[in-house]
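Going down the list, the sequences are from chains A and B. Heads up, the first sequence is in our numbering, so the first residue is 1 and it goes up one at a time. Heads up, the second sequence is in our numbering, so the first residue is 1 and it goes up one at a time.
Mixed in with the good hints, there may be bad ones.
For lysine-lysine, the following BS3-like pairs were computed, each having C-alpha atoms within a straight-line distance of at most 25 angstroms [said to hold, decoys possible]:
| id | chain 1 | residue 1 | chain 2 | residue 2 |
| --- | --- | --- | --- | --- |
| 1 | B | 222 | B | 187 |
| 2 | B | 46 | B | 56 |
| 3 | A | 253 | B | 28 |
| 4 | A | 253 | B | 222 |
| 5 | B | 28 | B | 59 |
| 6 | B | 133 | A | 253 |
If you want the footprint, here are the derived chain B segments under chain A, 3+ residues with CB under 8 angstroms [stated by the list, open to error]:
| id | segment |
| --- | --- |
| 7 | 75-87 |
| 8 | 153-165 |
| 9 | 168-176 |
Quick caveat, the hints were computed from the structure, so don't treat them as lab data. Remember, it's a predicted structure, so these values are computed and weren't measured experimentally. For each residue, glycine too, the CB sits at the ideal point set by N, CA and C.
Each chain is listed here by its residues.
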Amino acid sequence: MSMSREYKVGLFIVCTTAVIFIALLYLAYEKGFFSTVHTFTLSSKTGEGFAEGMPVVFSGFNIGKVHELELNDKGIVLIKIKIPERHVKWVKADSSFVLYRPLIGAARILVTTDNLNSSPMPENKVSEVETINDINDAIQKVKPLLEKITQIAENLERLSRKVDAMAAKTDEQVFGKEGTLPQINKILKDVAGKLEKLNATVDNINKISKEASEGMKDFRSLRSDIDDTVKTLNDVAREIDAILSKKKEPEIKVP
Amino acid sequence: MRKILTIVAMVIFICACGSNSKQVPNWKDTAFRQLENYKVNFLTGKEDASEPHFDKAKKAIAGSNDLNLLARIYLNKYALHTAALEDFEDSEFVRINKIQPVASNFAYYNFLKGNFTIVEDDLLPSNYNGIIKNARNKDLAKASQEIPSITDPLSRLIACGIWAKYLPYDENILQLAINTSAENGWKRPLWAYLTKLQKYYLDRQETTKAENIKERLELLKK
């Protein structure tokens, strides 16, 4: 049996549409589109920190979200949360609701149920939301610290002023005209001057020593020359004595 | 002819020069000259200059290995000290005399030390022959006559020194020594005898004379 091209195209489109539709239906079902949603109303004196779409958390799992915020005639903020049917078992008549605003991360409403066997929470009951504000707590905790830090800062400032004053005085004493450093400089200059003079003296001593040393060489040379001359003169005298035969042989005797 | 005579005379002169007697040993000549220089410097009061000459004389003699001469050098030194009325340190002579005793040296040493009884007269230099007898007898009168007769001034001064050191002396002896020293310009003994004379006068209460000598000494020492 052969099918016409038009029939085949029509069949393909219908099947594809059906698959897409079924997939969407499945997705919607999975997302709880068809499940029943319970709406509970919470109250708070202030709407600060609340926002629509804010998650409602039980034991760390999202079980619902803030659906609507309203302000009633008494100025109380009414927070309507929607909990799907499958999660409504966690919300009981004695459950407590806390707005948790962590220091880091998004704010959320925490649901705590001490007794899961208690009766379900009636939808017309309005429970009050407590607030845990990490930022405020932190601020509260930090506040005394800040005060102390401020005090310390003030103290430091005072100390700094004193140190400045002392430094100024010290500056004056150390660097002033009659201060220590100029005096030391003066002394050092004096010492340096004296050392320079001493250098000259040492140079002179070296020079004198060198000259004396050289002089000693000359002396030795001179001494040797004189010795030679004296010896020569002695020899000549002795020769003359011998030639003239006048000199008797010297005799060493007692006087 | 004159030229020939001149040449002959020169040849004779040169030959005479060549035939001289034997030469004096160098060390002896040096020792003698140094000793003479020592004597002059000592007596004229140049103490610093005198000792080096004595040392040179000693060294010159040391080269000859002659202890007799070395002993005589020391005796010369002791004699000069005696002439200047000074004591002397005799250990070197005693050591030499132990090793090589020479009678004449020992006699002279005893004479200088004032040991007159053990001195053999004929071993002393002839200058002192008359003095030693008088010294033994302590005969000042005879000594006063004998000492001036010594012709050598140094020997005369030594005789005066020995008498003034060990024997009873008088003004004449001291005056003789003073005159001898003064004639020769021997400052060191001169001052010693003047000091001795001053003391002599003081001992005899002749203060004027003593004062006179003192002033003279002060003037001379200036």
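Hints and how they fare:
1. Proximity of residue 222/B to residue 187/B is assessed by CA-CA distance (about 13 angstroms); at most 25 angstroms being required, the pair is judged to hold.
2. Only pairs whose Cα atoms come within 25 angstroms are accepted, and residue 46/B paired with residue 56/B is accepted, the gap being roughly 16 angstroms.
3. With a CA separation close to 12 angstroms, the supplied pair residue 253/A and residue 28/B stays within the 25 angstroms bound.
4. For the hint pairing residue 253/A with residue 222/B, the CA-to-CA distance comes to about 36 angstroms; that exceeds 25 angstroms, so the pair is violated.
5. Of the pairs offered as hints, the one joining residue 28/B and residue 59/B holds, with about 11 angstroms between alpha carbons and a cut-off of 25 angstroms not exceeded.
6. The straight-line distance between the Cα atoms of residue 133/B and residue 253/A is roughly 22 angstroms, inside the 25 angstroms bound, and the hint therefore holds.
7. Residues of the segment 75-87 of chain B lying with their CB closer than 8 angstroms to a CB of chain A number 4, which satisfies the three-residue condition for coverage.
8. Residues of the segment 153-165 of chain B with a Cβ under 8 angstroms from some Cβ of chain A number 3, which satisfies the need for three, so the listed coverage holds.
9. Coverage of the segment 168-176 of chain B by chain A is violated in this model, with 0 residues showing a Cβ closer than 8 angstroms to a Cβ of that chain against a need of three.
Violated hints, listed in ascending order, are 4, 9; each of the other numbered hints is respected by the structure.
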